[in-house]
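J.: Our numbering puts the sequence shown at residues 386 to 477.
For the record, the hints were derived by calculation from the structure and aren't laboratory data. Note that the structure is a prediction, hence the values are computed from the model and not measured. Incorrect hints may have been included.
To be verified - Here are the simulated lysine to aspartate or glutamate pairs, EDC-like style, with alpha carbons at most 20 Å apart:
id: 1; residue 1: Lys-397; residue 2: Glu-437
id: 2; residue 1: Lys-400; residue 2: Glu-437
id: 3; residue 1: Lys-416; residue 2: Glu-451
id: 4; residue 1: Lys-465; residue 2: Glu-437
id: 5; residue 1: Lys-408; residue 2: Asp-428
id: 6; residue 1: Lys-468; residue 2: Glu-451
id: 7; residue 1: Lys-400; residue 2: Asp-441
id: 8; residue 1: Lys-397; residue 2: Asp-426
id: 9; residue 1: Lys-400; residue 2: Asp-426
id: 10; residue 1: Lys-408; residue 2: Asp-441
id: 11; residue 1: Lys-416; residue 2: Asp-426
id: 12; residue 1: Lys-465; residue 2: Glu-451
id: 13; residue 1: Lys-408; residue 2: Glu-466
id: 14; residue 1: Lys-397; residue 2: Asp-439
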Amino acid sequence: NTTIGVIVTNAKLHKQDASTVAKMASIGMAKALSPGQTLYDGDIVFVLASGEIDIDYHTVGLVAEEILIRAIIRGVTKAKEVKGIPSVLSLS
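Modelling step: build the complete structure from the supplied sequences, incorporating the hints.
T.: In structure tokens form, the structure reads like this:
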């Protein structure tokens, strides 16, 4: 399975900072998925920054990690059954 994460922020981030934020957020993906980021998955995190405010990229990365964890959990718990493929809601 492939999981795609997208972090959108209004922070000013240089290219290397955005890459670091993506790496930090991917830790959240690894925490929320098991197994995650295997050789056979296409798991990836993209970071988009509009550059409106000055903030430390490390802070953005820490928040991105937590937000991605919450988004994955919400996606799993709110998903509905599709074409006979069960969801958490349909198993309850």
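J.: Determine for every hint whether it applies to the structure shown.
T.: Going through the hints against the structure:
1. Lys-397 with Glu-437: 6 Å, holds
2. Lys-400 with Glu-437: 15 Å, holds
3. Lys-416 with Glu-451: 10 Å, holds
4. Lys-465 with Glu-437: 37 Å, violated
5. Lys-408 with Asp-428: Holds - the C-alpha atoms of Asp-428 and Lys-408 are around 12 Å apart, at most 20 Å.
6. Lys-468 with Glu-451: Given pair Lys-468, Glu-451 is violated - Cα atoms ~31 Å apart, limit 20 Å.
7. Lys-400 with Asp-441: 14 Å, holds
8. Lys-397 with Asp-426: At roughly 30 Å apart (the allowed maximum being 20 Å), Asp-426 and Lys-397 break the hint.
9. Lys-400 with Asp-426: Given pair Lys-400, Asp-426 is violated - Cα atoms ~25 Å apart, limit 20 Å.
10. Lys-408 with Asp-441: 15 Å, holds
11. Lys-416 with Asp-426: Answer holds: Lys-416 to Asp-426 is near 15 Å, not above 20 Å.
12. Lys-465 with Glu-451: 24 Å, violated
13. Lys-408 with Glu-466: 31 Å, violated
14. Lys-397 with Asp-439: Given pair Lys-397, Asp-439 holds - Cα atoms ~6 Å apart, limit 20 Å.
Against the hints set out earlier in the document, violations occur for numbers 4, 6, 8, 9, 12, 13.
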